[in-house]
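Respectively, the protein sequence lines represent chains A and B.
If you read the first sequence in my numbering, its first letter stands for residue 1, the second for the next number, and so on.
If you read the second sequence in my numbering, its first letter stands for residue 1, the second for the next number, and so on.
Incorrect hints may appear among the rest.
Claimed, not checked - Calculated cross-link-like contacts (lysine-lysine; reagent style BS3-like; alpha-carbon spacing at most 27 Å): (1) A/147 - B/235; (2) A/311 - A/290; (3) B/235 - A/132; (4) A/319 - A/290; (5) A/311 - A/30; (6) A/196 - A/30; (7) B/235 - A/131; (8) B/235 - A/57; (9) A/30 - A/15; (10) A/132 - A/196; (11) A/261 - A/319; (12) A/30 - A/132.
To be clear, the hints were calculated from the coordinates, so they are not data collected in a lab.
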Amino acid sequence: MLSVQDLTVSVITGKTPLDITRNVSFELNKGEILGVVGESGCGKSMTALAIMGLLPKTTIAVRSGRVLLDDQEITHLEPHQRVDAGLSGISMIFQEPMTSLNPVMQIGDQIIEALLVHDRGNMRAPAARAKKLLDLVHIPDAAMQLKAYPHELSGGMRQRVMIAIALACNPQVLIADEPTTALDVTIQAEILSLLKELCEELSMAVLFITHNLGVVAQLADRVSVMYAGQIVETASVEVLFEHPVHPYTHGLFSCLPDPTKRSEPLQPIPGQAPLITEITDGCAFAPRCKFKTSACLSGSIDWTGISNGHKTRCHHPLKEQK
Amino acid sequence: MLYNFLTSYTMRRIGSAIITMMSASVIIFAFIHLIPGDPIYVMLGDGATPDQVKDMQIRLGLDKPVYIQYLLWLYQVLQGDLGTSLFFQIPVLSVIADGAETSLLLASITMVWVLLIGIPIGMLAATRQGTLTDQAASGLAMFFASVPTFWVGLYLILFFAAWLGWLPSSGYPSIFGDGGLANLRYLLLPSLALAAPNAALILRLTRASMLDVSRQDYVRTARAKGIRPWQVTVKHIFRNALLAVVAAFGFTLAALISEAVVTETVFALPGVGRLVVQSILRRDYPVIQGVILVTVILYLGINLLVDLINRYLDPRVELE
Numbered sequence: 001m002l003s004v005q006d007l008t009v010s011v012i013t014g015k016t017p018l019d020i021t022r023n024v025s026f027e028l029n030k031g032e033i034l035g036v037v038g039e040s041g042c043g044k045s046m047t048a049l050a051i052m053g054l055l056p057k058t059t060i061a062v063r064s065g066r067v068l069l070d071d072q073e074i075t076h077l078e079p080h081q082r083v084d085a086g087l088s089g090i091s092m093i094f095q096e097p098m099t100s101l102n103p104v105m106q107i108g109d110q111i112i113e114a115l116l117v118h119d120r121g122n123m124r125a126p127a128a129r130a131k132k133l134l135d136l137v138h139i140p141d142a143a144m145q146l147k148a149y150p151h152e153l154s155g156g157m158r159q160r161v162m163i164a165i166a167l168a169c170n171p172q173v174l175i176a177d178e179p180t181t182a183l184d185v186t187i188q189a190e191i192l193s194l195l196k197e198l199c200e201e202l203s204m205a206v207l208f209i210t211h212n213l214g215v216v217a218q219l220a221d222r223v224s225v226m227y228a229g230q231i232v233e234t235a236s237v238e239v240l241f242e243h244p245v246h247p248y249t250h251g252l253f254s255c256l257p258d259p260t261k262r263s264e265p266l267q268p269i270p271g272q273a274p275l276i277t278e279i280t281d282g283c284a285f286a287p288r289c290k291f292k293t294s295a296c297l298s299g300s301i302d303w304t305g306i307s308n309g310h311k312t313r314c315h316h317p318l319k320e321q322k
Numbered sequence: 001m002l003y004n005f006l007t008s009y010t011m012r013r014i015g016s017a018i019i020t021m022m023s024a025s026v027i028i029f030a031f032i033h034l035i036p037g038d039p040i041y042v043m044l045g046d047g048a049t050p051d052q053v054k055d056m057q058i059r060l061g062l063d064k065p066v067y068i069q070y071l072l073w074l075y076q077v078l079q080g081d082l083g084t085s086l087f088f089q090i091p092v093l094s095v096i097a098d099g100a101e102t103s104l105l106l107a108s109i110t111m112v113w114v115l116l117i118g119i120p121i122g123m124l125a126a127t128r129q130g131t132l133t134d135q136a137a138s139g140l141a142m143f144f145a146s147v148p149t150f151w152v153g154l155y156l157i158l159f160f161a162a163w164l165g166w167l168p169s170s171g172y173p174s175i176f177g178d179g180g181l182a183n184l185r186y187l188l189l190p191s192l193a194l195a196a197p198n199a200a201l202i203l204r205l206t207r208a209s210m211l212d213v214s215r216q217d218y219v220r221t222a223r224a225k226g227i228r229p230w231q232v233t234v235k236h237i238f239r240n241a242l243l244a245v246v247a248a249f250g251f252t253l254a255a256l257i258s259e260a261v262v263t264e265t266v267f268a269l270p271g272v273g274r275l276v277v278q279s280i281l282r283r284d285y286p287v288i289q290g291v292i293l294v295t296v297i298l299y300l301g302i303n304l305l306v307d308l309i310n311r312y313l314d315p316r317v318e319l320e
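This is chain A alone, in the form it adopts within the complex (with noise of 0.2 Å):
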């Protein structure tokens, strides 16, 4: 339903252009949750916001590579451009809810701005729609809560009126981002299972953005890892984590604390995720891999299949169980 075919995003202010993210590529199903790790900076929002048209296109834009929506090509085109031509069918929410609420505005009027763009047909009891998506996300007294401001909510409930608003332009893929980084830990369970719960309802797909890999096992049916730009590995969740075989993928879970391995120190990967502007030919990962040989140093890392579905870019995929 989704595809998105070897997208490049790069900082385009400079003489040469600075890649943010080279070659990603993904496809997402009707219903299907794929969650997108990595570090701070590795082009996982870079990648959402270039999927969405979002981009500051004067300084950022995509430089090569496609996003196909139902094989209708949308990359270059802004969300009010893709009303316009009928393929508006992604929403997204954000990392933090504090801030994307406009805080003049009562929280019915933000969802109805939305109703009327993506739901021309329907022009009659906008306030009544609205009312039934909040009381979709589980926001109690929803009639009351039409009528209040953003900051009389608290956090999780501002997550819930985001994806009620993503939710009014009739999604067929919702793009969330990091949406439960900002949240208490009990709140993000509830906005995960409302998540899962939405997905199942209205057979939506999800690209579930974070760098947190417990979010990811509780939630996604696939997932990609990014490192410096790129998907390195890809596989189901059950697969990756009973088998991850490129050197950062293993090295994230080594990072994970243990609570049966208390004696033992975390085991942190050794050095940096490079800069974008320090990346060269090669492994992005090489410098920090304990495996890396010559190979590693030049031209571009194709995939390596590991099995049905299961992928990654890297010459020496390890072969042992976790």
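Got chain A; can you put chain B on it based on the hints?
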């Protein structure tokens, strides 16, 4: 519930304005005592006889204790009695009222210019950030914010009155007399001169504030909804940028009051500003005192209004 809350904010805000007014009244009252030397001799001149001095003391109430003097003064002020002008020998309030028509009209027309020029061009510059339009608008704004009002006034007179002869350069006959509303043309140049620095200020503020708001997360949310770019600009960016602009109106009006003094002098307008200048030269202390009092009331009133408007525009505003 919301209504009660709103009313209580309004009440508290009015309460604080009254307290400020009372504090100001003490300072204004003390003004007459700030006159160097004995105010009686300053007012009457060195040749005053002891009888005249005694008379004046009693007339001004200076023979009584200070706090009694204050209360008496306050009592009179509350009844609208601001004393008698030493120069005109008529009540101060009617001296001020004579200049009020000119000054109020001048201020109103100026504010219309400020809003009409400052806000739309500021919006335009922000939506075209970095383009030639933006640079021209920002550059001109910088220029007009920097040059003094009287300079702009003199050039306006030179250009539109002396060279082109389109508009009168000085004076203002009342719109209630001969000529009627057409007399407003006398206020065109002065109001433009007065508007120039303030419009420039509002322009720059509108632009900066719109650029600031356009980087906010909620603007991205609005764009993500797929609404039209102009709707994003008006409903989300401008609506929030307006908060800072409205808050600045209070300061703009305060600046207007002091700049009006210069402008009214340059254009020889019979307004309150020129009255102040003349009264200072004439040492007409009761008039100066009266004008200060009226100005303070006006200033507090405007700021009260601005705060209440902001409370209406921004649901988050709370008095701490």
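27 Å limit on alpha-carbon distance, applied to hinted pair residue 147 of chain A and residue 235 of chain B: holds, 17 Å
Distance restraint between residue 196 of chain A and residue 30 of chain A, which requires alpha-carbon spacing of 27 Å or less: holds, 13 Å
Proposed proximity, residue 131 of chain A with residue 235 of chain B (alpha carbon, max 27 Å): holds, 22 Å
Pairwise hint evaluation, residue 290 of chain A against residue 311 of chain A, where the allowed Cα distance is 27 Å at most: holds, 20 Å
Given pair status - residue 132 of chain A, residue 30 of chain A, alpha carbons within 27 Å: Holds, at roughly 23 Å.
Holds or violated: residue 132 of chain A to residue 196 of chain A, with C-alpha atoms at most 27 Å apart: Measuring from Cα to Cα gives roughly 19 Å; hence the hint holds.
Straight-line alpha-carbon gap residue 30 of chain A to residue 15 of chain A, limit 27 Å: Answer violated: residue 30 of chain A to residue 15 of chain A is near 41 Å, above 27 Å.
Restraint status (C-alpha distance of residue 311 of chain A to residue 30 of chain A at most 27 Å): Roughly 21 Å separates the two Cα atoms, so the pair holds.
27 Å Cα cutoff - pair residue 235 of chain B, residue 57 of chain A: Status holds; Cα separation ~22 Å.
Residue 235 of chain B paired with residue 132 of chain A [C-alpha distance capped at 27 Å]: Holds: residue 235 of chain B and residue 132 of chain A sit about 24 Å apart, inside 27 Å.
Pairwise hint evaluation, residue 290 of chain A against residue 319 of chain A, where the allowed Cα distance is 27 Å at most: Holds. Residue 319 of chain A to residue 290 of chain A sits at ~14 Å (cutoff 27 Å).
Pair hint residue 261 of chain A and residue 319 of chain A, alpha-carbon separation not exceeding 27 Å: This hinted pair holds, its Cα atoms lying about 23 Å apart.
Violated hints amount to a single one, hint 9; each of the other numbered hints is respected by the structure.
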